[in-house]
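Engineer: Sequence:
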Amino acid sequence: MPETSGGRDAGRALSRARRPADAARGELSEAAARGRVILRRGLGSPSLFAIVWSSLASAIYFALGVVSNRALGLTPVVFLAAGLMFVLTGMTYVEGASLHQDRAGSTVFARYAFNELVSFIAGWAVVLDYIILIAVTALSATHYAAAYWHPLGRGATERVMAIAVIAYVALRTVRGFSTSRAPRIVALVVVDLFLQLLVVVVGLVLFFNVHKLTSTIHLGSEPHWADVIFALTLATVAFTSVESASGVAGEVAVGRRGLGRLITAAAASVLVVYVGMGLVSATALPAVGGMSPLGAHWLGAPVLGVVDRFHPAWLSDAFTYVIAAAAVATLVAAANSAMLGLSRLTYSLATNRQIPSLVGQLHPRRSTPWVAITIAALLAVGLVIPADLEALIGIYAFGALLAFTIAHLSVIVLRYREPDRDRPYRAPFSVAFRGGQLPLTAVLGAVLSAGAWVSVVILHSGARWVGLGWMAFGLGLYLIYRTSEEKPLLRRVTVPPEALRREPVEPHQGEYGSVLVPVMGRPLDDDIVQTAARLVGPEQADEASIDTATIEALYVFEVPMSLPIDARLPDSQLQHARVALHRAKEVGEEYTGVEVATATVRARRAGAAIVDEAKRRGVEAIVLAAEEPSRIRGGGLLGGRGGPLENFVGDVTKYVVSKAQCRVILTAPPEDGRDEQGGDGQRASPGTGQEVAGDGRGVGAGGASGGQGDREGAGEKGPAADAS
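For the sequence shown, the working numbering assigns the number 64 to the initial residue and increments by one for each residue that follows.
Rather than coming from a laboratory, the hints here were simulated on the basis of the structure.
Every residue, glycine too, gets a C-beta built ideally from N, C-alpha and C.
Fair warning: there could be bad hints in the mix.
What the hints assert, rightly or not - Cβ-Cβ distance ranges computed for the label pairs, FRET-style:
(1) A359 with H281: 58 to 66 Å
(2) Q636 with L261: 53 to 61 Å
(3) D451 with L234: 24 to 32 Å
(4) V517 with A671: 36 to 44 Å
(5) A328 with I628: 37 to 45 Å
(6) L234 with L267: 55 to 63 Å
(7) A666 with L538: 30 to 38 Å
(8) V265 with V642: 27 to 35 Å
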């Protein structure tokens with residue numbers, strides 16, 4: 064049936080019901096149009112740096128031992144190379160997260176660049192990494208706590224404490240993340256960073272000696288080249304921080320300059336601390352006979368091994384107790400960060416029907432995926448029982464490097480698929496190649512990550528069999544789940560958040576999870592966006608919820624055949640598009656729980672571009688404006704008077720209705736209002752919405768479905784463009 068609840072009055076009523084924070088969000092939207100704020104809500108640059116550094120700082124507490132055990136005197140060189148790889152990876156993730164501000168990371172980049180299967184592969188690999196990181200940080204925390212009570216570092220007591228840490232972070236994650244915890248995380252990171260820098264400075268003053276550093280290096284034998292390469296892959300354990308930070312994309316307030324400072328600060332911290340720790344460990348505890356004392360005696364708590372060499376004794380004792388306390392706190396925070404990242408990632412996988420909805424089921428009050436958190440905690444408990452840190456970190460490298468390779472490739476592809484989309488951060492050092500800008504940092508990162516992943520598969524039997532087994536199990540689960548539900552393997556299929564809570568879905572408000580809205584810079588755009596916002600927006604929003612509903616606002620540049628597709632566009636046309644998209648974002652985000660993502664695309668025909676973008680993005684519906692109805696005939700279905708006229712819609716609308724593989728909802732001004740292009744200069748009041756079925760959906764008008772149904776990009780073949 065026609066959408067009768069539309070209109071500006073309804074829109075104002077819904078606007079009055081929105082959260083008080085929405086007013087501030089509108090102010091941020093204005094700043095976003097000027098290019099200063101691109102990630103929204105309650106966290107800022109220091110908090111985002113804290114999320115990144117909590118994982119980076121924790122990694123040095125256990126990675127130093129396993130890397131030194133393999134790289135020996137080349138440990139600082141390995142950490143330097145790993146730091147440079149981190150810089151490349153960080154640039155890729157920041158560009159991708161600012162381009163598509165969904166909560167996930169590499170799985171989101173792959174969704175927009177490739178398809179759902181590649182997206183799942185990246186996400187499933189990262190799930191493995193999160194589980195391993197939780198186990199490793201919990202196990203390492205027990206070794207540092209042993210500085211206060213020695214039984215905590217061995218035997219059953221060690222495992223019991225590790226299990227207790229896992230249970231603690233699981234319960235905290237089920238309760239949900241609150242921005243009130245951000246200042247405590249920032250304070251912990253500042254203290255920990257200061258202590259690590261202090262250890263580096265004191266260690267270099269006490270032990271650094273170039274001869275002592277180089278005398279233990281015999282390339283090819285001590286260490287072997289295979290061990291050096293493997294040590295480099297082990298050093299990537301720190302990189303999960305970029306996935307964790309991507310998991311809160313859209314929830315932080317960071318400007319363009321802030322993103323640049325974030326990368327600079329993180330890169331500088333990694334290089335100084337990791338290379339510095341490598342230099343101190345290689346000179347304070349030099350390798351003897353091809354063996355590193357850190358690997359032999361301090362594998363679980365290598366930084367304690369370094370400070371144990373400090374002299375006099377009181378200085379060593381003071382550093383031991385302070386570092387032990389800081390390490391335990393940082394490792395527990397890193398485990399919590401990993402569990403938080405896992406919860407958001409599994410939620411994303413579940414809402415996109417990449418894993419069964421049961422696994423992503425949300426807590427009825429906390430709105431967190433408690434089933435996935437529980438499963439991850441149990442798997443992490445199973446991993447800590449053997450207490451084999453080096454094996455766990457090797458398996459971690461398998462998943463991390465696979466995900467990083469996909470992330471780099473995705474950003475490269477998105478440079479060509481979405482060349483005109485606003486990029487608040489663009490990785491430097493790009494070159495013109497085949498009509499686009501090729502990011503050399505992502506190319507180099509992809510080559511290095513892929514090569515390192517191959518080396519892990521070849522050199523580490525545990526990572527090879529466990530990693531490949533994990534991926535095989537996940538692919539089997541994905542294929543069986545999708546085929547048993549009769550869903551496409553490569554296209555996006557979503558379920559509403561209510562399905563993960565086992566709640567009924569309201570038929571109108573929040574009916575869709577994502578819609579595409581083509582805008583043209585006309586006053587009628589406001590009504591189209593309002594219609595879309597009512598279709599996707601939840602009636603109420605819970606601050607603890609991690610739900611999201613997205614409007615994809617699209618502006619199509621029609622490039623004539625006489626010009627190349629990548630021809631320079633007039634500044635006036637670009638400005639018109641920016642204004643139209645900014646207005647769409649401003650109007651849509653007045654509604655609670657609605658996020659508006661804006662994009663531009665070049666095409667020869669607008670209709671084909673709209674259909675292609677809807678298919679590629681996997682949206683559940685397209686909302687667009689039909690041509691203004693006639694006052695005499697031709698607009699009866701859409702608000703006009705008189706009988707129907709064959710061409711009651713234009714060529715673009717007819718093409719979209721006949722070719723779209725998702726539902727199409729048309730809206731038009733009523734008979735007493737005209738678009739500015741109609742001649743009277745008055746803003747059209749909201750019109751009615753009419754739902755029609757695209758080529759892939761043989762559903763009549765008003766096809767709002769109850770229950771917990773799917774929203775998919777393509778369905779059964781049905782009658783073309785049946786308007787009801």
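Engineer: Would you mind marking each hint as holding or not holding in the structure?
Structural biologist: Now for the hints, and whether the structure bears them out:
1. A359 with H281: 58 to 66 Å: 19 Å, violated
2. Q636 with L261: 53 to 61 Å: 56 Å, holds
3. D451 with L234: 24 to 32 Å: 26 Å, holds
4. V517 with A671: 36 to 44 Å: 40 Å, holds
5. A328 with I628: 37 to 45 Å: Holds: the Cβ-Cβ distance is about 39 Å, inside 37 to 45 Å.
6. L234 with L267: 55 to 63 Å: Given about 41 Å between the Cβ atoms, the range is violated.
7. A666 with L538: 30 to 38 Å: 34 Å, holds
8. V265 with V642: 27 to 35 Å: 57 Å, violated
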